[in-house]
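Peer 1: Sequence:
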Amino acid sequence: MQHKNNLYNTNINRSYRRILTALLALLLILPLAAQKLKPYESSGKYGFVDETDRIVIPAQYDKVNYFENGLAFIMKNGKCGFIDKTGKAVIPIIYDDIMNLKEGEFFFEYFKDGLAIVKKDGKYGAVDRTGQIIIPAQYDWLSPFKNDITTMEQNGKWGVLDRNGKIIIPCLYDSGLRFTENMASALLNDKYGFIDKKGRMIIPATFEYASVFAEGLALVRQNDKYGFIDTTGKLVIPAQFDDITDFTLYGCSSYFPEDMAEVKQNGKWGFIDRKGNVVITPQFDSTDKFSGGIACVSLNGKQGLINKTGKFVIPAEYDMIEVTSEDLVSFKKDGKYGYMDKTGNILIPARFEQCYGFNEGMAAVEVNGKWGFIDIKGELTIPAQYTCVVPFSEGLAAVEIDDKWGAIDQAGNLVIPAGFDDAFFFDKGLAFVEQEDNIYSRWFFIDKQGRRHFTEAEGREFLAQEAMQATTPRSGGKAETVQSAPDAGYADRVVDVDSGIPQAKGANFGTYAVVIANENYRSVADVGNAANDGNVLHQYLTKTLGIPENNIIYCENASAAMMDEALSTLETKTRSAAALGKAFNVIFYYSGHGVPAEGTSDAFLLPVDVSPQEPEAVRLLARRTVPPPRGTGGAMRHRAPRCLLLRRGAHRRDAGRCERGGA
1 MQHKNNLYNT NINRSYRRIL TALLALLLIL PLAAQKLKPY ESSGKYGFVD ETDRIVIPAQ
61 YDKVNYFENG LAFIMKNGKC GFIDKTGKAV IPIIYDDIMN LKEGEFFFEY FKDGLAIVKK
121 DGKYGAVDRT GQIIIPAQYD WLSPFKNDIT TMEQNGKWGV LDRNGKIIIP CLYDSGLRFT
181 ENMASALLND KYGFIDKKGR MIIPATFEYA SVFAEGLALV RQNDKYGFID TTGKLVIPAQ
241 FDDITDFTLY GCSSYFPEDM AEVKQNGKWG FIDRKGNVVI TPQFDSTDKF SGGIACVSLN
301 GKQGLINKTG KFVIPAEYDM IEVTSEDLVS FKKDGKYGYM DKTGNILIPA RFEQCYGFNE
361 GMAAVEVNGK WGFIDIKGEL TIPAQYTCVV PFSEGLAAVE IDDKWGAIDQ AGNLVIPAGF
421 DDAFFFDKGL AFVEQEDNIY SRWFFIDKQG RRHFTEAEGR EFLAQEAMQA TTPRSGGKAE
481 TVQSAPDAGY ADRVVDVDSG IPQAKGANFG TYAVVIANEN YRSVADVGNA ANDGNVLHQY
541 LTKTLGIPEN NIIYCENASA AMMDEALSTL ETKTRSAAAL GKAFNVIFYY SGHGVPAEGT
601 SDAFLLPVDV SPQEPEAVRL LARRTVPPPR GTGGAMRHRA PRCLLLRRGA HRRDAGRCER
661 GGA
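Each residue of the sequence shown is one higher than the last, beginning at 1 in the numbering used here.
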């Protein structure tokens with residue numbers, strides 16, 4: 001007999017009833033190498049599941065990261081290594097640490113030029129992707145590889161290795177070596193000079209300090225004064241300044257942004273040109289670099305803007321002044337913030353407690369302790385109702401609601417529910433988010449529809465394919481959305497009359513769903529096709545109903561802990577919508593065994609790791625409150641539905657309901 005399931009929903013459009021019967025075939029089994037595995041957690045340990053949430057690598061690790069190019073970083077018993085998608089340790093789990101080469105605490109990149117830097121017994125070395133030791137762990141430090149070389153430290157001295165571990169420059173120098181323009185400053189016997197990539201001293205070590213070369217010039221200190229040398233070592237701008245701002249330390253490729261360098265003389269700051277001529281006499285308490293022909297300066301405790309002649313275009317009479325995007329200037333005066341143009345004309349009076357610069361025509365402002373957004377006219381187009389916000393990027397802005405973060409569009413609509421633990425912003429269609437109570441890994445990417453992607457590469461690939469499908473022309477040349485053709489053998493596995501899953505237009509941000517598909521039980525018979533049905537229903541939710549992936553909590557072969565966590569996550573997500581007074585719908589779908597409650601007519605869901613005789617099986621899904629939209633007058637309670645019962649090989653389907661009652 002064909003396996004049937006229950007679908008419980010609130011306010012779902014009748015036109016979608018067809019999804020109750022349109023349960024399609026098993027997904028095409030992909031080759032192992034093409035599987036997209038994602039982390040999952042069980043009892044404080046981590047493993048990996050596939051796209052259908054089947055366990056591929058059991059939870060046994062203390063820490064994991066996502067698979068990239070077939071390898072995943074893992075930590076077990078305090079040691080690190082890499083495994084492949086079969087769970088085999090390709091790089092042995094023997095290292096104390098493996099260096100994260102990506103800047104930023106939450107982004108990870110372990111291989112550069114095909115090599116990873118590892119730490120073992122307090123020493124550093126390098127291995128390749130096969131686990132082969134390229135550089136033995138014998139150095140006190142190794143820098144990330146760049147152009148096939150790395151700098152190493154040993155016994156307080158620095159040198160250079162190539163990617164094969166061959167010593168190019170012995171450890172002779174007392175400072176780290178940073179090569180730019182084929183030279184690096186090097187400290188030897190308390191003096192700085194410059195060496196080439198073969199270790200030859202090209203510019204003698206005669207300076208008290210030397211930075212790197214940028215645009216043919218290097219900042220040096222001589223007799224406690226600063227100036228610049230050229231690549232021959234000639235002092236082309238005399239060492240006569242008390243200080244010069246070294247912009248190369250902040251990622252800048254020049255000491256002269258817009259051909260002006262900041263210099264300090266006699267306790268005051270001014271500007272020189274590339275020839276060393278004093279263009280703006282040192283007279284300011286502090287300066288900032290030129291951008292767009294103007295620079296912020298501080299004088300007598302107040303700030304203003306000057307042009308390249310040193311003339312004030314905005315007087316130094318403000319507590320704070322900053323050139324923001326879209327050619328506007330934010331300022332603070334008398335404890336309040338406002339906006340002006342670059343000539344000093346006040347466009348928006350100072351009436352805000354705090355503010356950000358304008359991005360995409362809108363600026364975040366604080367009013368009475370809450371944040372909202374104003375337009376270029378100063379109108380509060382999005383009310384100040386959020387605890388914290390992030391400026392708009394690519395049409396969306398992250399906002400904090402009840403200690404959780406979501407995203408709004410420029411009309412103020414909450415398009416990504418507040419379920420994340422930290423602020424985020426979008427870059428080329430993706431945002432990196434944190435969700436500690438997520439059933440799987442804590443860190444992942446989302447797109448602007450809230451769909452989650454477990455690596456940046458996966459997200460970029462998905463968006464590229466989506467864009468290609470959206471613009472694929474018909475034979476007549478008109479663009480349309482294109483669906484993939486069914487795989488070979490598909491017709492033999494179809495369990496209903498449908499031959500394809502309908503594609504909705506637009507996104508359904510106001511609906512949340514929990515899908516639990518329990519097929520493989522530990523103490524009772526399996527439920528055939530349960531996983532398949534849950535998987536196909538999941539596709540209907542995303543494709544036909546247009547529900548964002550981030551609004552769907554999907555569990556396959558769920559333990560008691562996973563099922564409880566699923567409802568907890570649903571509660572968190574719906575609270576965010578309720579807090580804003582947004583109307584929302586909830587779909588609850590379950591495929592698997594159920595058990596009757598003793599002495600009542602109720603039936604409850606059965607986790608795969610619980611025996612029907614255990615009281616926990618009945619207590620697990622006791623009533624859980626989900627907050628309603630404002631104005632409903634009570635809480636919406638989701639009752640554990642009556643479920644599928646296996647009786648002598650036949651399935652009985654009992655009616656269930658979702659009821660609304662008082663709090």
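Hint data in this document are derived by calculation from the structure and do not stem from the laboratory. Every residue gets a Cβ at the ideal spot worked out from N, C-alpha and C, and that includes glycine. Careful, some of the hints might be misleading.
Cut-off 30 Å, straight-line C-alpha distance, at most; resulting in silico cross-link-like pairs (DSSO-like, lysine-lysine) [said to hold, decoys possible]: (1) Lys428 with Lys63; (2) Lys333 with Lys275; (3) Lys157 with Lys36; (4) Lys85 with Lys120; (5) Lys36 with Lys302; (6) Lys119 with Lys225.
The calculated label-pair distances, taken between Cβ atoms and stated as ranges, are [claimed, not checked]: (7) Asp403 with Pro315: 41 to 49 Å; (8) Gly44 with Arg200: 20 to 28 Å; (9) Lys88 with Ile202: 46 to 54 Å; (10) Gly156 with Met320: 23 to 31 Å; (11) Arg200 with Asp341: 49 to 57 Å; (12) Gln410 with Thr206: 27 to 35 Å; (13) Lys225 with Asp403: 51 to 59 Å; (14) Lys225 with Pro349: 25 to 33 Å.
Peer 1: Taking 46 to 54 Å as the stated bounds, is the beta-carbon spacing between Lys88 and Ile202 within them?
Peer 2: holds (48 Å)
Peer 1: Do the Cβ positions of Gln410 and Thr206 conform to the proposed distance bound of 27 to 35 Å?
Peer 2: At roughly 59 Å between Cβ atoms, Thr206 and Gln410 fall outside 27 to 35 Å, so the hint is violated.
Peer 1: Tell me if the beta carbons of Arg200 and Asp341 are separated by a distance inside 49 to 57 Å.
Peer 2: holds (54 Å)
Peer 1: Next pair to validate is Lys85 with Lys120; report whether the Cα-Cα distance is within 30 Å.
Peer 2: holds (25 Å)
Peer 1: What's the verdict on Lys428 and Lys63, does the C-alpha distance respect the 30 Å limit or exceed it?
Peer 2: holds (29 Å)
Peer 1: Has the given pair, Lys157 with Lys36, been kept, meaning a C-alpha gap of at most 30 Å?
Peer 2: violated (45 Å)
Peer 1: Hint check: Lys36 vs Lys302, CA-CA at most 30 Å. Holds or violated?
Peer 2: violated (56 Å)
Peer 1: Quick check: does the Cβ-Cβ distance between Gly156 and Met320 fall within 23 to 31 Å?
Peer 2: Violated: the Cβ-Cβ distance is about 44 Å, outside 23 to 31 Å.
Peer 1: Straight-line Cα separation of Lys333 and Lys275 no greater than 30 Å?
Peer 2: violated (38 Å)
Peer 1: If you draw a straight line from the CA of Lys119 to the CA of Lys225, is it 30 Å or shorter?
Peer 2: violated (41 Å)
Peer 1: The hint says 25 to 33 Å between Lys225 and Pro349; measuring C-beta to C-beta, is that right?
Peer 2: violated (46 Å)
Peer 1: Is the hinted range of 51 to 59 Å satisfied by the C-beta distance from Lys225 to Asp403?
Peer 2: Holds - the Cβ-Cβ distance for Lys225 and Asp403, about 53 Å, lies within 51 to 59 Å.
Consistency with the previously given hints fails for numbers 2, 3, 5, 6, 8, 10, 12 and 14, ordered from lowest to highest.
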